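Novice: Based on the hints, put chain B in the right spot on chain A.
2 protein chains.
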Amino acid sequence: MSGGGSRVLKCRGFRWEGVELARYKDEEEGSRFRGVTRQTLLGESEPDLASVTRYFEVAPGGHSTLELHRHPHVVVVLRGRGTVRLGDESFELEPFDCVHVTPETPHQFRAAGDEPLGFLCIVDRERDRPRAVEEEEPAHPQGG
Amino acid sequence: MSGGGSRVLKCRGFRWEGVELARYKDEEEGSRFRGVTRQTLLGESEPDLASVTRYFEVAPGGHSTLELHRHPHVVVVLRGRGTVRLGDESFELEPFDCVHVTPETPHQFRAAGDEPLGFLCIVDRERDRPRAVEEEEPAHPQGG
Chain A
539 MSGGGSRVLK
549 CRGFRWEGVE
559 LARYKDEEEG
569 SRFRGVTRQT
579 LLGESEPDLA
589 SVTRYFEVAP
599 GGHSTLELHR
609 HPHVVVVLRG
619 RGTVRLGDES
629 FELEPFDCVH
639 VTPETPHQFR
649 AAGDEPLGFL
659 CIVDRERDRP
669 RAVEEEEPAH
679 PQGG
Chain B
539 MSGGGSRVLK
549 CRGFRWEGVE
559 LARYKDEEEG
569 SRFRGVTRQT
579 LLGESEPDLA
589 SVTRYFEVAP
599 GGHSTLELHR
609 HPHVVVVLRG
619 RGTVRLGDES
629 FELEPFDCVH
639 VTPETPHQFR
649 AAGDEPLGFL
659 CIVDRERDRP
669 RAVEEEEPAH
679 PQGG
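Residue numbers (my numbering), protein chains in the order written: chain A, 539 to 682; chain B, 539 to 682.
Don't take each hint at face value.
No copy is singled out in the list; a pair is fine if it fits within one copy or between any two copies.
[To be verified] Straight line, CA to CA, 20 Å or less: simulated EDC-like cross-link-like pairs of lysine to aspartate or glutamate:
id, residue 1, residue 2
1, Lys548, Glu558
2, Lys563, Asp586
3, Lys563, Glu664
4, Lys548, Glu630
5, Lys563, Glu605
6, Lys548, Glu566
7, Lys548, Glu642
8, Lys548, Asp626
9, Lys563, Glu582
Source of the hints: derived by calculation from the structure; they are not laboratory data.
Note that the structure is a prediction, hence the values are computed from the model and not measured.
For reference, chain A alone in the conformation it holds in the complex (with noise of 0.2 Å):
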């Protein structure tokens, strides 16, 4: 029997063998997003998989871009604290909590207190790209 491929990625404190630690966009950091690494751990190399599997990693303070796109996500949390807003929405989160976001649902990712906050976060290989949402105002504090 052959492994075909198959193989361990191993991770030493959230940082994946092999896996280059990669900016979360090609924009400059500013009043969109600040503090987001991301790390593509499985599917843009491997033609057999269908899905992206990525890491994510947002510093103490930091939040990924509030943005929406037709494709939908999976999102696990790994490690720290933080918040998800889902439309008008804000939910906590913590280790190991998923959510789903669906389509064209406005989303964003905000660490809070001194760890970072990391997640996976799975997507389909084919997919549109994001639009940045305009804040017009606060989203309400801590819904749902």
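Specialist: Structure of chain B alone, referenced to chain A:
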């Protein structure tokens, strides 16, 4: 802005809110597998998702079926320690290690130590059924 069905599944002690703790397989527990549970987090009842995200937990001393199938797996360990067999080799696993099981690779997860081995396993929604592999000889101890 609307949340449009987006939601957070809170996790407490590796049980997710509203998610059934299910049998690993619809067959009797025995020599093929032992001490495995399944929670399907997202993808079975969410038509926008092309992938299904499951959480499996293998009790201390337990193991999954040695099996193979055409669809690939993406696995991320959330708790415990153990090993994964991939073809003829076995690899140690600890939290946050990531595994790519390619199509037709015989694979099996085993828990080691006193804590359960818990991991996410992401698959395509449309997929073939696993086929059990009948063991002919013991796998090489701890390769790769």
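Novice: Hint by hint, which ones does the structure fall short of?
Specialist: 2, 6, 7
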